[in-house]
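Chains as they are written, first to last, in my numbering: chain A, 1 to 689; chain B, 1 to 72.
Don't read these hints as lab results, they were simulated from the structure. As the structure is a computational prediction, the values presented were derived from the model and not from experiment. There could be a bad hint or two in this list.
As the list claims (entries may be wrong) - For the chain A half of the interface with chain B, some residues (derived, Cβ under 8 angstroms), not all of them:
1. E143
2. F179
3. D180
4. Q234
5. I473
6. K477
7. R479
8. Y489
Unchecked claim - Per the computed footprint, the stretches of chain B lying under chain A, defined by three or more beta-carbons under 8 angstroms from a beta-carbon of chain A, are:
9. 5-16
10. 21-34
Unchecked claim - Pairs of lysine-lysine residues, derived as BS3-like cross-links and limited to a Cα-Cα distance of at most 30 angstroms, are as follows:
11. B:K72 - A:K477
12. A:K224 - B:K63
13. A:K628 - B:K26
14. B:K72 - A:K199
15. A:K471 - B:K72
16. A:K155 - B:K72
17. A:K155 - A:K471
18. B:K26 - A:K471
Every residue gets a Cβ at the ideal spot worked out from N, C-alpha and C, and that includes glycine.
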Amino acid sequence: MNTSKIKVVLAGNPNSGKSTLFNALTGLRQKVGNYPGITVEKRTGNCNLNKNSKAEIIDVPGAYSLYPKSIDEWVAQQVICNKKDEGAPEVTVVVADATNLRRSIFLITQIIDLKMKVVLALNMVDLSLQQGLIIDVSRLSEELKIPVVAINARKQEGIGRLKQAIIQADSREVLPSFFDVRSLFNNIIEDANELRKTKNDYDSFLALCLLDTNEDIKLNSLCKKHQFIPSRAQAQETIRRYKKIDEVVDICCATVKIEGNRSVTKWLDDVLIHPVCGYFIFLGVLFLIFQAIFSWSVYPMDLIDSLFTDLSVWVAATLPAGVFNDLLVKGVLAGLGGIIIFVPQIAFLFAFIAFLEDTGYMARVGFITDKILRGFGLNGRSIIPLLSGAACAIPAIMSARTISSWKERMITIMVTPLMSCSARLPVYTLIIAVMIPSEQNWGPFNLQGLVMMAFYLLGFLAALGTAFVLKFILKAKERSYYIMEMPSYKIPDWKTVIYTIVEKVKVFLFDAGKVIIAISIVLWFLSSYAPGNRFEKIDAKWAGKENAEIHIAAEKLEVSYAGIIGKSIEPAIKPLGFDWKIGIALITSFAAREVFVGTMSTIYSVGDESTQSIKERLESVKNPETSKPFFTGAVGISLMLFYAFAMQCMSTLAIVRRETNSWKWPIVQFLYMGILAYLSSLIAYQILS
Amino acid sequence: MQKLSDIAIGEEKIIESIENEELAQKLLEMGCTPGEKIIVERKAPFADPIAIIVSGFMLSIRKEDAEQIFVK
Numbered sequence: 001m002n003t004s005k006i007k008v009v010l011a012g013n014p015n016s017g018k019s020t021l022f023n024a025l026t027g028l029r030q031k032v033g034n035y036p037g038i039t040v041e042k043r044t045g046n047c048n049l050n051k052n053s054k055a056e057i058i059d060v061p062g063a064y065s066l067y068p069k070s071i072d073e074w075v076a077q078q079v080i081c082n083k084k085d086e087g088a089p090e091v092t093v094v095v096a097d098a099t100n101l102r103r104s105i106f107l108i109t110q111i112i113d114l115k116m117k118v119v120l121a122l123n124m125v126d127l128s129l130q131q132g133l134i135i136d137v138s139r140l141s142e143e144l145k146i147p148v149v150a151i152n153a154r155k156q157e158g159i160g161r162l163k164q165a166i167i168q169a170d171s172r173e174v175l176p177s178f179f180d181v182r183s184l185f186n187n188i189i190e191d192a193n194e195l196r197k198t199k200n201d202y203d204s205f206l207a208l209c210l211l212d213t214n215e216d217i218k219l220n221s222l223c224k225k226h227q228f229i230p231s232r233a234q235a236q237e238t239i240r241r242y243k244k245i246d247e248v249v250d251i252c253c254a255t256v257k258i259e260g261n262r263s264v265t266k267w268l269d270d271v272l273i274h275p276v277c278g279y280f281i282f283l284g285v286l287f288l289i290f291q292a293i294f295s296w297s298v299y300p301m302d303l304i305d306s307l308f309t310d311l312s313v314w315v316a317a318t319l320p321a322g323v324f325n326d327l328l329v330k331g332v333l334a335g336l337g338g339i340i341i342f343v344p345q346i347a348f349l350f351a352f353i354a355f356l357e358d359t360g361y362m363a364r365v366g367f368i369t370d371k372i373l374r375g376f377g378l379n380g381r382s383i384i385p386l387l388s389g390a391a392c393a394i395p396a397i398m399s400a401r402t403i404s405s406w407k408e409r410m411i412t413i414m415v416t417p418l419m420s421c422s423a424r425l426p427v428y429t430l431i432i433a434v435m436i437p438s439e440q441n442w443g444p445f446n447l448q449g450l451v452m453m454a455f456y457l458l459g460f461l462a463a464l465g466t467a468f469v470l471k472f473i474l475k476a477k478e479r480s481y482y483i484m485e486m487p488s489y490k491i492p493d494w495k496t497v498i499y500t501i502v503e504k505v506k507v508f509l510f511d512a513g514k515v516i517i518a519i520s521i522v523l524w525f526l527s528s529y530a531p532g533n534r535f536e537k538i539d540a541k542w543a544g545k546e547n548a549e550i551h552i553a554a555e556k557l558e559v560s561y562a563g564i565i566g567k568s569i570e571p572a573i574k575p576l577g578f579d580w581k582i583g584i585a586l587i588t589s590f591a592a593r594e595v596f597v598g599t600m601s602t603i604y605s606v607g608d609e610s611t612q613s614i615k616e617r618l619e620s621v622k623n624p625e626t627s628k629p630f631f632t633g634a635v636g637i638s639l640m641l642f643y644a645f646a647m648q649c650m651s652t653l654a655i656v657r658r659e660t661n662s663w664k665w666p667i668v669q670f671l672y673m674g675i676l677a678y679l680s681s682l683i684a685y686q687i688l689s
Numbered sequence: 001m002q003k004l005s006d007i008a009i010g011e012e013k014i015i016e017s018i019e020n021e022e023l024a025q026k027l028l029e030m031g032c033t034p035g036e037k038i039i040v041e042r043k044a045p046f047a048d049p050i051a052i053i054v055s056g057f058m059l060s061i062r063k064e065d066a067e068q069i070f071v072k
């Protein structure tokens, strides 16, 4: 039997509890996809309204109005007005923060005037009561002529009544406008309606107001004819609409003076955004986060590592030997293991960020850092992408969407990959362990730890420095603003935090994963095959000898396609202190930096004892010319600098392409990072060696 | 008429007008309409950005934008 399915759009202001309601309605039955043709992910989920009807819930980014100012808000506007999606939304649920009723009603009445079926979900009524604001819900429903349901998204209260209201709203008649825009602009709307073949006054008005984003010659000439200036009309309309809203709010709300309210937020702000303490607290929070990420995630990462090792061994032994076995173990499984190992770090970092965002602290960090970041062509909102970049640049770059200024958003996207992401960590760890002496100590700090910290700092400073340069290169398309709500502090909703983590990890696994696996397979091919019968010769040479396998693997790699490529680039990387073997590792880690570790361990697997660890193996490598250890501190620093700056991540490039909608930016990014990497390695090696 | 950027912390004023049209669009839709009460809640170092309270919520804006908002 076919049950009816209602298409429901979930809209609302930022910080209104929209995500919490979305999670409450759909649970884990949600998926993240893409809107056709545009770059923003679409969150949808299914929900059972009652026995006979289901709903497909579409979550749109938070917005204050249908006048978009950032890409996020643009998507919200497009979905609500149904410009991009197949099939119109049948019911729009607008989530309103009861403590900010006046502002929330603005968006609601705009949607009502688009002749949509609207349900108002009034969230956080308990909070508004605490603040002394009493809302007459039934009166509000009468005045707006739409169903109003008081809910508590966190405690999942009122969800049943909301579902009921959605079903009822779906079968309701379309209502008269809340604010008649014809009272201001009668003639032009008449003409625009005729031109657009519609009777929807407000839809025509919005089309006129948003003209600069859709070039319509006929509408443009209409504006000229009627001397209609979109920005001014928009301001006029907004002011008049708010006048009408104020009347409604006066009727439906009563305020009671309550002594000492807002005190918690006030008290916390005194400390957290104190001109001096605020910065120290922020640094402390950062320190705590990184400390936690590196020490806690070791356990799950070790576990994943050993699981994949066991699995590879098992698969290699169980399946019949041959090309397929080889491809599965050395291509697919190796690639898969290389991705999944980062999940713990990414999950931890995003847990912290989601937690801090949900409490309201992140808006404060933006407040105290905006002035500083602005000096570098960034914005207080850049702090989240930059911090997230320390886990993985992919979700970090996507979170730059909330930055409304084109220039500041571009700079943020361009410099975020310089932050030391978790894929650099295994590379740094290996290089430091082999090439930086562990005996040296300065007081409580040992040299290895200091080098690691220095490289994290270096990534951050390089990001700031590059941003500073870009500030003078990029031309601003518009003036930049930092207008951000600082919500009252809240205890975070654990469910929302967990859903955020799941979502970010999914994005990383699928977006990055696809590319990494594909490249792993290519690499496997390049290093497993060689022109002509070179492999057969090596097999023949070592036939019947002891410990032959490891020698065979190393010699085969040298003559393989990968080895040929490595040798052909050796002249270019020799001044950096690298040989052709490192060259292979550089090429293979173009797909993803962490591939370096695996490649190095294969290349340098020549040794007396096959049980040696990769660290011991690398330490025993001698420079053929001087017969001193090949991996000196100079090579180590040069190599680390290269990994710190070079854009060795296909997935990030793919995301930058998607987010900027052009190939120009990823190419520029790849080139500037490559040049920066090459030059800094060159200089460092030439000075140190 | 005074500029919002010149108002001391804790003072309560009424929004008179917003000069910059683009800025006005952004602030108006959030409810910062002429006639609304506005309180300067706190200022970041160098008085930039500043945090204001309008119709019950706190908002941070840059000093250069506060200079375009006139209050009385």
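Now the hints, each set against the structure:
Taking 8 angstroms as the C-beta cut-off, the interface hint given for E143 of chain A is violated, the closest approach to chain B being about 18 angstroms. The interface hint given for F179 of chain A is violated, since its Cβ lies 14 angstroms from the closest Cβ of chain B, which is over the 8 angstroms cut-off. With a cut of 8 angstroms, the hint placing D180 of chain A at the interface with chain B is violated, because the nearest CB-to-CB distance is about 19 angstroms. Checking Q234 of chain A against chain B: minimum C-beta separation of about 6 angstroms stays under 8 angstroms; hint holds.
Interface hint status for I473 of chain A: violated, as the beta-carbon distance to the closest one in chain B is roughly 22 angstroms, over 8 angstroms. For K477 of chain A, the shortest C-beta to C-beta distance to chain B is roughly 12 angstroms, which exceeds 8 angstroms, and the interface hint is violated. Look at R479 of chain A: its Cβ gets to within about 7 angstroms of chain B, closer than 8 angstroms, so that hint holds up. A hinted interface residue such as Y489 of chain A counts as satisfied when its beta carbon comes closer than 8 angstroms to some beta carbon of chain B; here the least separation is about 11 angstroms, so the hint is violated.
Here's how the segment 5-16 of chain B fares: 0 of its residues keep a CB closer than 8 angstroms to some CB of chain A, so the rule of at least three is not met and the hint is violated. Coverage of the segment 21-34 of chain B by chain A holds. Counting CB-CB distances below 8 angstroms, 13 residues qualify, and the rule asks for three or more. A threshold of 30 angstroms between alpha carbons decides the hint, and for K72 of chain B with K477 of chain A the separation of about 33 angstroms lies outside it, so the pair is violated. Between the alpha carbons of K224 of chain A and K63 of chain B the distance comes to roughly 35 angstroms, so the proposed pair goes past 30 angstroms and is violated.
Among the hinted pairs, K628 of chain A with K26 of chain B is inconsistent with the structure: their alpha-carbon atoms are about 66 angstroms apart, more than 30 angstroms. Between the alpha carbons of K72 of chain B and K199 of chain A the distance comes to roughly 42 angstroms, so the proposed pair goes past 30 angstroms and is violated. With a C-alpha separation of about 37 angstroms, the suggested pairing of K471 of chain A with K72 of chain B is violated against the 30 angstroms cut-off. Between K155 of chain A and K72 of chain B the alpha-carbon distance is near 43 angstroms, which puts this suggested pair outside the 30 angstroms criterion.
Distance check on the hinted pair: K155 of chain A and K471 of chain A sit about 46 angstroms apart at the alpha-carbon level, beyond 30 angstroms; violated. At roughly 24 angstroms between alpha-carbon atoms, K26 of chain B and K471 of chain A fall within 30 angstroms of each other, so this suggested pair holds.
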